[in-house]
Amino acid sequence: MQYKDTSDLEISLLLEAIYRKHGYDFRQYSQAHIRRRIMNRMAISGFEDVSQMQSKVLNDEIFASELLQDLSITVTEMFRDPAFYRSLREKVIPILKTYPFIKIWHAGCATGEEAYSMAIVLQEEGLYDRTTIYATDFNQLALNQAKDGIFSNKMIKEYTTNYQLSGGKESFSSYYTSSYDNVIMNQSLKKNIVWANHNLVTDSVFAEVNLILCRNVLIYFDKNLQNKVQSLFFNSLINGGVLCLGSKESLRFSDLYEKYMELDTKQRIFKKKY
Amino acid sequence: MHYEAIVIGVSSGGMNVLKIISAALPIDFKIPIIIVQHVGAHSDSKWIQLLNEKSNLLIKEADEKEKIEKGTMYIAAPNYHLLIEKDKTFSLSIDERVNFARPSIDVLFESAAEAYREKLIGIVLTGSNNDGTKGIIRIKECGGLTIIQDPKTAESPYMPKSAIDGIEADYILSLEDIVELLIKIDNQNNNFNKLYK
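Chains V and D, in that order, are what the protein sequence lines are. Counting in the UniProt record's numbering, the first sequence runs without a single skipped number right up to 274 at its last residue. Counting in the UniProt record's numbering, the second sequence runs without a single skipped number right up to 197 at its last residue.
Mixed in with the good hints there might be a few duds.
Stated by the list, open to error - When the alpha-carbon atoms are kept at most 25 Å apart in a straight line, the in silico DSS-like pairs for lysine-lysine are as follows:
| id | chain 1 | residue 1 | chain 2 | residue 2 |
| --- | --- | --- | --- | --- |
| 1 | V | K147 | V | K157 |
| 2 | D | K67 | V | K266 |
| 3 | D | K67 | V | K228 |
As the list claims (entries may be wrong) - One-sided excerpt, in silico: chain V residues whose CB lies under 10 Å from chain D:
| id | residue |
| --- | --- |
| 4 | T6 |
| 5 | D8 |
| 6 | A32 |
| 7 | R35 |
| 8 | R37 |
| 9 | E66 |
| 10 | Q69 |
| 11 | P100 |
| 12 | I150 |
| 13 | L218 |
| 14 | F253 |
None of these hints come from the bench; they were simulated from the model. Computed from a prediction, not measured in an experiment: that's the story for all the values here. Ideal placement from N, C-alpha and C gives every residue a C-beta, glycine not left out.
Using the sequences and the hints given, assemble the complete structure.
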């Protein structure tokens, strides 16, 4: 694909238009990522320049929702980073076991693969019946897909490997039934997951929870927005609650670093101090 | 021209060439080097430590939001794309694979071309796919310097060949000559700095 030269100003005007018209705020996202996504859409839809796209965003609901899909991050996997899930079993599950009821927040769950992974771990550890998983995203299409729990079977081989490497105790195939080219996740995994629309950028504290997972979402935000979302998480965790970030995400540069202890430095698992 | 960064894309056969480059560059080499080497999603970073031990330069994985510093070689983390922001910091993303690769060379090169414009050097080395071709085209369009490993001297010639088909490269050289050229450019850079300070 050949990119035309596009100025930062044009891109920031487009983001402003999306925010003012549709309420979705990408103005504090990492610019290189946003630029790449917008250039891709420009090439696919055959626009001459970004201002053409801007007028389309303002006047065409269908196009606007397509662009929103482009800008939101829906790439996810079951048991992505198996070593993280192993650490979750070893270091976080024992903490969760001390609570009579457990609330977990999956922030930015996209199509739900990680929430299902969590449900599987909890079932195997005997905790699922006393747990509620709040899985949230601003992308309603992704949420609908998550709720259905139907995934392409193309990835199942990789997921099965991930699951086994993560310390899974059963046969992974016992968690779904196959149907043509898809797999359907078991009803028993869905029963305590609440799928809800929540926008980390524009919405406030969601609930008071024991565990927050937000993996590979903050990498898309600039430093200011990262700090803002970090305080949202801090305020949503009970004392002694646990925060799990993506394997390349850090709290070290956040103002809140001192208020957590590291449960697993490499896997980015943090515990809020009492 | 005063160059501010070098980006390198390399795939199969890469471990050997990175060993040679990182060992050959002198301790006073200034221009930061940012590398995408295709590796498996679960690859650990031990090989980066090994490279670092044998090199005069600091070699490390590129961290999210890290500021790009002189005299350092940065390597893209496995299973994440690596992008460069205009403020010369790194961004990571888990977006779809590009050319079946994450990290993808095109993603790094295209964002680097936007960030550094004509002050960038892009290099495509050995590999057996066509990742990097679109990226090196973009670097050329933005006025950067383009260098491709002579396919005859590459362990896997496909990737440099694909890049050569995409652009009229400024240089098509053996690995040894590329290293020599980079050292020459870095020296000129330093003289340029003395002249205009």
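Problem set entry | Hints not upheld, ascending by number | Failing hints, ascending: 9, 10, 11, 12.
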